[in-house]
Amino acid sequence: MITAPDVVALARQEDGEGERGEEDERPAPPFHFQPHNPWAGAAAATATLLKDFILISEFSEQVGPQPLLTIPDHARGNFDLNYFSLRIMSVDYQASFVGHPPGTSYPKLNFVEDSKVVLGDSKEGAFAYVHHLTLYDLEARGFVRPFCVAYISTDENKIMQQFQELSDDFSRASECLKTGNRKAFANELENKLQDLEYTRNVLHNETEIQKKSNDKGYYSSVAIEKANELANVEKCIIEHQDLLMQIRNYSYKKTRDAGYFTHEPDNGTEHPDSGLEEMQNRDESSEKNSLSDGRSYIPKFTKTKSAKCFEKKLKTLEELCDSYFFNQTLEQLRQVEKFFRGDVCYLLTSQIEKVLLQQQRTTYFLFEDSLLFTDEEPAEKEQHCEKPLPGFNLITVKALDHPCLSTEAASCDSYKSCVESVPIKLDPQISVDSYCGSMSDSVPFKSLFGTSDYLELEGKEKGSISSGESIEVLRTEKSSSTPISSKSDNQTDSQSQHLHVVRRKFVGTRRANSEDSIEVLSTTESLIPEDLKAAYPNAIHEEEAPLENETIGLSTDLMEPDANLNHTNGFSNTNFETGTINFSALSEPVDPSCCIGKESPNFNKSVPTFVTEEYRDGVVNVPPQRSKTISHLFHSDYPQQEGGGGSDNAADQVFSPCEKEYSDLPGAGEMARLPVDEYLDNMSYISASLYSDRTPSPALPTSPSKRLSERRKKHSGKNSLWFIRQYSFAQQAIFSLLSGRTLVVVGEHEGKVKKLVNALSIFVPSHGRGADSVKQWVTLPLHVDDLQTWKLIGLQRIASPLGTSMLHSLNRYSRYVTILDCDNKTLHCPQYKGQLITRMADHRTQIKRGSTYYMHVHSMLTQLSSQAFLYTFCHHLHLPIDERESEDSVTCRRVNFLKHHLGLVNDDSKIVQYFAELIKMHYLHEPPKGLNPLLRFHYDPSVVFKI
Amino acid sequence: MLRWLLGGRDVQEPVEKSLILCLGDDQPQNPYTELQVLKGHNDIVRFMVWIDDTRFASAGDDGVVLLWNVQTGERLHELRGHSRPITGIALIPLTYHSQSESCRLLTAASDRTVMIWDLDTGSQIHLLADFQSSVKCLKVIERLDVWLSGADKICVWNNRAELLCKTTCFKDADVSLMIELPKNNIAAVIRKELNNTFATGSHVGELIIWDALDWSVKGFESHFWNVTSQSDKPAEIKISRTPYQHEACIHHLTADRENIFAAIGTGIYVYNLQTKTVIAYQQVAHDSRVLHIAKLPNRQLVSCSVDGSVRLWELQELPPAEPATSGIFSMWGIGKPNKQQTQMAKRKLDCSVLKTLELTGDLIGHSGAVQMFLHSKDHGIVTCSTDHLIILWKDGEKESQLRSKALFHKLEQDDV
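So the protein sequences, as listed, match chains W and U. Its first residue numbered 1, the first sequence is counted upward by one per residue in the numbering used here. Its first residue numbered 1001, the second sequence is counted upward by one per residue in the numbering used here.
Wrong hints could be hidden among the right ones.
[Claimed, not checked] Taking CB as the label site, the calculated pair distances span:
(1) U:T1121 - W:S886: 37 to 47 Å
(2) U:L1296 - W:N906: 44 to 54 Å
(3) U:L1296 - W:P941: 24 to 34 Å
(4) U:Q1029 - W:H900: 21 to 31 Å
[To be verified] DMTMM-like mimics (lysine to aspartate or glutamate), calculated; alpha carbons at most 25 Å apart, straight line:
(5) U:K1398 - W:D882
(6) U:K1377 - W:E883
(7) W:K754 - W:D785
(8) U:K1398 - W:E190
(9) W:K775 - U:E1397
(10) U:K1405 - W:D786
(11) W:K825 - U:D1387
(12) W:K211 - W:E190
(13) W:K833 - U:D1387
(14) U:K1405 - U:D1025
(15) U:K1410 - W:D785
(16) U:K1405 - W:D888
(17) W:K775 - U:D1415
(18) W:K775 - W:D821
(19) W:K899 - U:D1026
(20) U:K1398 - W:D785
(21) W:K754 - W:D786
(22) U:K1039 - W:D786
(23) W:K833 - U:E1397
(24) U:K1410 - W:D786
(25) W:K946 - U:D1026
(26) W:K833 - U:D1025
(27) W:K192 - W:E353
(28) U:K1039 - W:D785
(29) U:K1377 - W:E887
(30) U:K1039 - W:D772
(31) U:K1355 - U:D1287
(32) U:K1398 - W:E318
(33) U:K1405 - W:D772
(34) U:K1398 - W:D888
(35) W:K183 - W:E318
(36) W:K899 - U:E1397
(37) U:K1405 - W:E319
(38) U:K1377 - W:E885
(39) U:K1410 - W:D882
(40) W:K899 - U:D1053
Keep in mind the hints are simulated off the structure, nothing from the lab. Keep in mind it's a predicted model, so treat the numbers as computed, not measured. Glycine included, each C-beta is placed from N, C-alpha and C at the ideal position.
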């Protein structure tokens, strides 16, 4: 765990209030910082909208814009859906029209790509990501039914930063919907064709009869009418056949396209209960159905002239799409809603955490939730993970410049005018769209010349928009699949310019304040996210390098393996370099406020110069803006703490727990330990009160399981705190676990034992092979192979022959196990001589909350893991530099490294060595699957500890 | 009931044991700090044999032979065929004049069959079923390209499983062990058949039976040597065992060029061939019978026992004492002290013991008797036990180094 969400994440005070009851022990926040909170005001304006939700609405040809459904069902409060759908539907950038294009006689289906826009409604305090899509309906006007799916939130930043994610997720959902729709449409067409054939036959027969009965030599008006009708029907048939061919060809093309095809299995994997297989079965069966439908379908006589549109009942959305696909889509959207629920800070933090963890591919298995990293589709995951990071640039700029943007209230009048002006607005908008599209295609990235042109246009665009018009489009672009591919090309050959342009463009479009009521804040995927994606994670490291002092030179060394890891993570060497160079070059000229390295001067000012200051900055980059506000608040509210080194240390501890240790002399931090913990706790108060929104709605992909583990973490953290406070020998026990010695908790009462097991479980390094190394409760005698698989065991003590044999076996293996007797409160294990765990488990710790303690432990363990990583992958520590070198000198080097470079004394090095061994085995996939892990042990004499 | 916790191991150790054997958990000389449990057998695992540097076979009462990779612990093959417990196992190594390309394994079981297996494919090559009683021991004489089976008679077979010759039937007795002894006294290494037999149901008068059997075998022996045109008449060293007492019976003995190492009862003894004396012994080496003993190249002795432990001993020189009474011990020397145990032991301790066996470590893992073990320089010790398990004991430091090497090797490969 790199970042501690409960330290940096903040949510609205208002949001937290509801869930207050759930938090266990939480005194009132010690800081009255609400007035400083720029979001406090924003929340006031959003009384009508409490939670984010997804809205599906339609521009009905009969009644106009109308909301169809929301996800979750009743989450909208007193938000005026009709009103809102009217507005989001009125800004449709899909240049979709179906009908007879000039020059052709047949109706052409226009397969338009979805359009994506971000709309802001300052009056309602709502912002929406709106995804427009078109479905086909044979009975509809022009065969099309415009729909839109919108993600509505009060938080503009969230939508802006998560734009890429939202856009991807919604595209996937929309693709699902459209696939179903095409299927249904084709079906409908087939039926219609049959009807027409039948009608033609009937008419034909009638005409024949007419002809035969006609002996007068001229055609009656009836006959002429019939003939006309027949001709009409035949024309109709040809038209419909053409349509059918079009839709089929398109579907075929779609499925052939690998990029889209991947979506199909996606559906399957995302919803385990309706897997891919089922889907295929479903496909087959539905195809069969359509076949049998075709056969069993009884054609009926149709009138060529369709009924007037107001007379018929339009199909529902579910009818429009195959109901299976419809449900799939809904399920997807529900997932999306779950994912984006909660505060944006939490989303971002978890995403950063993921990115950072991604860089620790080799070591994350030790302590991280394996659920986070299933290896399926790593490429896609990577992309997902990298997306949020560019968002920080957004948020930095946005929040710093106009943090109250979301609160801007607009008058009702201007709002109304906007609605009226919609049709007028549409046309120029489209032209801008297309321009942007072409821009992103090739022009601006090829040359600086193009760039300036582009910026000029930006200015124009902005000018036209800010001239008192009611709809503002901040970012818009026609989204289609072709620009994406060409873009990626650009990305590789002229990345620097691209980045540059993107940044400038962004700055250009940024708007300081506006009185307009609807703002189209962004629409496109070609902007920053895609581009910085490759560069950003590297930039984190690279930016730190120039800032570093000599004193932390070691840390630079320490960063290198990470960088190397980056390479293996798929960033090519060249990419890495160009990306970062550009980034740092680029951060200079642009608005200083968005240059991460320099922002928050006040923050720096208040803190005395400290060796690791840069480090903090480097890390502060990463967490979202709000955390900075907090730390800022903290500093300004409590200047008296500034003087002592404690608060500095504390800040370091919070923001860069890992790095700090290197700059810190071992043991020097001892004095500062208490303030650190205090600080941490204080932080957790603040954050807990603010971000508790996340408790009911964790923003993580596999939310159900994750949610469980989230709660579990908190719970284990609490138990651990209790354990280290209650048991004076906690450090010895923890050392056993960290050095790979199996710990057995023996006791009569299951509850007691399980509580201890739970408390200790956060210290158990995993083997990383899926098997759980914690066994809560065992009632049978232990065998030596149990000690291999389980590292933490709860054992029942019973007074029976079985019980004696159990204890006998335990006694027999006493050299491999640490025995914690929870009835007698004794511990039987080797003596721990070291300092590390003293810091990790101080029984006088001031940390009060379980989750905080969990984070504290986790950060230390992460640090240890990275040390172990370093130790494992340093070539010269394990292999001789040249052939003449003896084994002994290599061993000596190894010992020196552990002692002097990593600052590990005595037993602490055993922990790192054990981790290193686990990393090696994990990396080598050893022992092979299906076999027990190895049991490594030391011959150390055991001592009995008592409370 | 809780004393075990507070007292640790000391409570368990019988008070009367000598101090030497109270080895705590602090064993700096014990290199085996990594273990891996191999599961696969469903019954007692009795036999193991090396196949090559990385493979070994194990067999036991479940009638199944399993082939393992000692490096990774993977199970390579499962040889199924015997319906009863396996009683003997021997490897026919790959020799330059053998026809086959792969190693072959001989297995004998109490279903009165002997099977020959191809170890590379795991398939059965030959099945010999015409035995009157079950074969108890198998011996391969590589140099002569023949193998011997010992049941109620000894048969000699060649590599194509053709019977070359056989002895007459032994009455009331089975051949249970055949070993080759090097004869250091004579320059040439000449193999000597030594038959250790048990008279069923009786523990008295063994010596007589012994002699009788020995002579009967000798007839065969001379015949054997004639066939192979060995001219040297072996000057024999006979060591007889008199298993008249449960504690004193010889369970296993092994030899190198200088010494014979015997596991007798709960003790282990080192008998020097040159001086013909017991030079070191440990009377209570284990809590229970010692089942297997072996000398490692690094002067270490390993023994395993019914008590489930494996102990590592080191043969250490004592400050020289006067070897006055060495003449007392004849070539029958080991047998005699057993008869008058206490006095002889004292005397030996006083004067004749030149070296001591120092306990340097023990390996605890099995929950049942450790039947036997294998040792290899690179892969540590492999033990098998009545608890159905096989455990690989490895040098943790060495393994760690190997893994590091493998790691960097893999990194290099990944780079390419």
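Hints and how they fare:
1. Judged by the Cβ atoms, the range 37 to 47 Å given for U:T1121 and W:S886 holds: they are separated by roughly 44 Å.
2. A hinted range of 44 to 54 Å is violated for the C-beta pair U:L1296 and W:N906, which are about 32 Å apart.
3. Between U:L1296 and W:P941 the beta carbon distance is about 25 Å. The supplied range of 24 to 34 Å therefore holds.
4. As the Cβ distance of U:Q1029 to W:H900 is approximately 29 Å, the hint placing it in 21 to 31 Å holds.
5. Pair hint U:K1398 plus W:D882 holds up; C-alpha atoms about 20 Å apart against a cutoff of 25 Å.
6. Taking the CA atoms of U:K1377 and W:E883, the gap is about 23 Å. The hint holds against a cut of 25 Å.
7. Only pairs whose Cα atoms come within 25 Å are accepted, and W:K754 paired with W:D785 is accepted, the gap being roughly 22 Å.
8. Annotation: proposed proximity of U:K1398 to W:E190 is violated, straight-line Cα distance about 73 Å (limit 25 Å).
9. For the hint pairing W:K775 with U:E1397, the CA-to-CA distance comes to about 29 Å; that exceeds 25 Å, so the pair is violated.
10. Straight-line distance between C-alpha atoms of U:K1405 and W:D786 comes to about 29 Å, which puts the hinted pair past the 25 Å bound.
11. Using a Cα cut-off of 25 Å, the hinted pair W:K825 and U:D1387 is violated, with the two alpha carbons roughly 33 Å apart.
12. At roughly 31 Å between alpha-carbon atoms, W:K211 and W:E190 are farther apart than 25 Å, so this suggested pair is violated.
13. The suggested pairing of W:K833 with U:D1387 is violated, with an alpha-carbon distance near 37 Å, which exceeds 25 Å.
14. Pair hint U:K1405 plus U:D1025 does not hold up; C-alpha atoms about 30 Å apart against a cutoff of 25 Å.
15. Our distance criterion of 25 Å between C-alpha atoms is broken by U:K1410 and W:D785, whose separation comes to about 29 Å.
16. Distance hint between U:K1405 and W:D888 is fulfilled; the C-alpha atoms sit about 16 Å from each other, no more than 25 Å.
17. At roughly 39 Å between alpha-carbon atoms, W:K775 and U:D1415 are farther apart than 25 Å, so this suggested pair is violated.
18. Among the hinted pairs, W:K775 with W:D821 is consistent with the structure: their alpha-carbon atoms are about 16 Å apart, no more than 25 Å.
19. Simply put, W:K899 and U:D1026 have alpha-carbon atoms about 24 Å apart, close enough for the 25 Å limit, and the pair holds.
20. For the hint pairing U:K1398 with W:D785, the CA-to-CA distance comes to about 22 Å; that is within 25 Å, so the pair holds.
21. For the suggested pair W:K754 and W:D786, the alpha carbons sit about 18 Å apart, so the restraint of at most 25 Å is met.
22. Straight-line distance between C-alpha atoms of U:K1039 and W:D786 comes to about 12 Å, which keeps the hinted pair within the 25 Å bound.
23. Of the pairs offered as hints, the one joining W:K833 and U:E1397 holds, with about 21 Å between alpha carbons and a cut-off of 25 Å not exceeded.
24. Proposed proximity of U:K1410 and W:D786 is contradicted: the alpha carbons are some 30 Å apart, above 25 Å.
25. Of the pairs offered as hints, the one joining W:K946 and U:D1026 holds, with about 22 Å between alpha carbons and a cut-off of 25 Å not exceeded.
26. For the given pair, W:K833 sits about 17 Å from U:D1025 by alpha-carbon distance, which is consistent with the 25 Å threshold.
27. Distance restraint check for W:K192 and W:E353: the Cα-Cα separation of roughly 54 Å exceeds the 25 Å cut-off, and the hinted pair is therefore not satisfied.
28. Distance check on the hinted pair: U:K1039 and W:D785 sit about 9 Å apart at the alpha-carbon level, within 25 Å; holds.
29. Distance check on the hinted pair: U:K1377 and W:E887 sit about 18 Å apart at the alpha-carbon level, within 25 Å; holds.
30. With a C-alpha separation of about 19 Å, the suggested pair U:K1039 and W:D772 falls inside the 25 Å cut-off, and the hint holds.
31. Simply put, U:K1355 and U:D1287 have alpha-carbon atoms about 22 Å apart, close enough for the 25 Å limit, and the pair holds.
32. Between U:K1398 and W:E318, the direct Cα distance comes to roughly 66 Å. Violation of the 25 Å bound is thereby established for this hinted pair.
33. Distance hint between U:K1405 and W:D772 is unfulfilled; the C-alpha atoms sit about 28 Å from each other, more than 25 Å.
34. Our distance criterion of 25 Å between C-alpha atoms is met by U:K1398 and W:D888, whose separation comes to about 13 Å.
35. Proximity of W:K183 to W:E318 is assessed by CA-CA distance (about 13 Å); at most 25 Å being required, the pair is judged to hold.
36. A C-alpha spacing of about 18 Å is found between W:K899 and U:E1397, which places the hinted pair at or below 25 Å, so the restraint holds.
37. Proximity of U:K1405 to W:E319 is assessed by CA-CA distance (about 63 Å); at most 25 Å being required, the pair is judged violated.
38. Only pairs whose Cα atoms come within 25 Å are accepted, and U:K1377 paired with W:E885 is accepted, the gap being roughly 23 Å.
39. Distance hint between U:K1410 and W:D882 is fulfilled; the C-alpha atoms sit about 20 Å from each other, no more than 25 Å.
40. For the hint linking W:K899 to U:D1053, the alpha-carbon distance of about 37 Å lies beyond 25 Å, and the restraint is violated.
In terms of the numbered hints stated before, the structure departs from hints 2, 8, 9, 10, 11, 12, 13, 14, 15, 17, 24, 27, 32, 33, 37, 40, listed from lowest to highest.
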